[in-house]
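Undergrad: With chain A's structure known, arrange chain B on it following the hints.
Here is what each chain is made of, one letter per residue.
Protein chains: 2
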Amino acid sequence: MSLVVVGSIALDSIETPGGSVEKALGGSAVYASIAASYRTPVRMVGIVGEDFRDEHRAVLEARKIDCTGVETVAGGRTFHWKGKYGVDPNQRETLATELNVFEDFRPALPEGWEDTRWLFLGNIDPELQLDLLNQCTGKPFAGCDTMNYWIEGKREELLKVLEKVNLLFVNDSEARQLSGESNLYLAAREIMSLGPEIVVIKKGEHGAFLMTRDLLHIAPAFPLEAVLDPTGAGDVFAGGFLGSLASDGKVNEDNLRRALVYGTILASFTCEKLSVDGISAREVNEIGERIDRFLEIMKIEHL
Amino acid sequence: MSLVVVGSIALDSIETPGGSVEKALGGSAVYASIAASYRTPVRMVGIVGEDFRDEHRAVLEARKIDCTGVETVAGGRTFHWKGKYGVDPNQRETLATELNVFEDFRPALPEGWEDTRWLFLGNIDPELQLDLLNQCTGKPFAGCDTMNYWIEGKREELLKVLEKVNLLFVNDSEARQLSGESNLYLAAREIMSLGPEIVVIKKGEHGAFLMTRDLLHIAPAFPLEAVLDPTGAGDVFAGGFLGSLASDGKVNEDNLRRALVYGTILASFTCEKLSVDGISAREVNEIGERIDRFLEIMKIEHL
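Chains as they are written, first to last, in the numbering used here: chain A, 1 to 303; chain B, 1 to 303.
It should be emphasised that the hints constitute simulated quantities derived from the structure, not laboratory data.
Copies of one chain are not kept apart here, so a pair can be met inside one copy or by any two copies together.
Straight-line distance between alpha carbons at most 25 Å, and here's what the computed DMTMM-like set of lysine to aspartate or glutamate pairs gives:
| # | residue 1 | residue 2 |
| --- | --- | --- |
| 1 | Lys299 | Glu286 |
| 2 | Lys203 | Glu181 |
| 3 | Lys23 | Glu272 |
| 4 | Lys160 | Glu103 |
| 5 | Lys84 | Glu181 |
| 6 | Lys299 | Asp248 |
| 7 | Lys203 | Asp88 |
| 8 | Lys203 | Glu225 |
| 9 | Lys299 | Asp214 |
| 10 | Lys203 | Glu272 |
| 11 | Lys273 | Glu181 |
| 12 | Lys299 | Glu197 |
| 13 | Lys299 | Glu289 |
| 14 | Lys299 | Glu253 |
| 15 | Lys82 | Glu152 |
This is chain A alone, in the form it adopts within the complex:
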């Protein structure tokens, strides 16, 4: 079943010790949509300016992402983020953030998308996330991302979103900030009490875990000997996760475990190249081979 993805569409300028790009395709909706597109049809909602060129659209088209929901603002400029990574890829410095057309983004579901059954709300203002949830008539399974900025600055609005969504993706520090618990398993439990029946906590190079009332599943990250550009890895993880669930068409224990693996594997690909290059043109068998390798690495025979 198709997944609707809402979030930022950006042109990213990224500096790393191993290479740089200027105004390359980026943004939470873009990373998540590309990742999800390997498992399920994707419909994207976002906003761009006139500087969003054919070469950028071509990447999305190649992944058969339906961009009917992407508004182009005449005379406007696309959201631009500029950042720099250190030798340690965990060290990231933001050099510039120009919201541009994204500042006035009011996401609207195109006609016919209101009854979507699967929804990913990328990391945007919780007021907009709430607005979009209210546009849905089909009681979708909704996964949501957020960040420290909203947890601190729009906590009340975020809490309203959490009451309505089924799944929250957060990283470890966001989970602690949101819950007030330093132990991540207690933090996940606390977040579940705020609404989402599924909480996925992302720990970057240390992997991720998902918790429901009945299930705890932990997966390490796929081992990488070199990380070039981790931009968007969290969005790719979430997109891969929800794309897998939407493809399975049903939320149950096996499908959740499978989704965690897909998210993990796709996130590993995106770290290996600049911008979306690590995930924009993968062959399905490459993904399958890495999943097999991942299972091999964690394999435990009967003890």
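TA: Below, chain B without anything else, positioned relative to chain A:
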């Protein structure tokens, strides 16, 4: 087959937000020996003073640990460590370190132990580790632990040890310090080039991985909702790991994977109580149940 364990025997005074103990049983040899004893007979080499009391010996006797190699110095005092943990159990402050009899420790294998096939060199001066290795006539499979203090202060001696041992246990920061590589997989590879054919990197709450020329195996930590006292967890991990290998009697892929799980599970127990209380009196079925739970948490069906 029996495992010879060499290391510190200590009386630890530990303060945590959840409780404190004064001069309780501790030390790398003690934690590792107790852990290993669940899988294999253990022979311990160490040194204590007259303040090492019957109640301390009783814990080791209950685990059937052979203490023939433990020297008691008349009129001497046992190594004493005093430390304090914060609400975040990763925050540890050392309040006092009194080497006492440990300062003059020259470990000697008792008669009949020289041909041991399995050896764990706990975190002590690499000169002493080397001395002990040279006392072994049976070409043992030797696992070794070390720390930042020796990596910095006795690097050359440590490198000589690494040439002779089969396995090195280090934590993530020690691996980076020893290898000069920030990526942990590259660090493990670099350390293998220094001698050990097996490198195990411990990442605390983030789990551990082992690398050989042919195998990479990653395991997350067992999920704990409360960590009371992580003292000795690394020693317990190493002891559990080598106890499992020695019990299997052979180093191969399956046995290494199994050893990593045993180390992981025993380390989780020790964090739950003060001093050695978390591991000193476990029932074998408790360990088995936690292993089953661990496998359940990581279970992935065919994708």
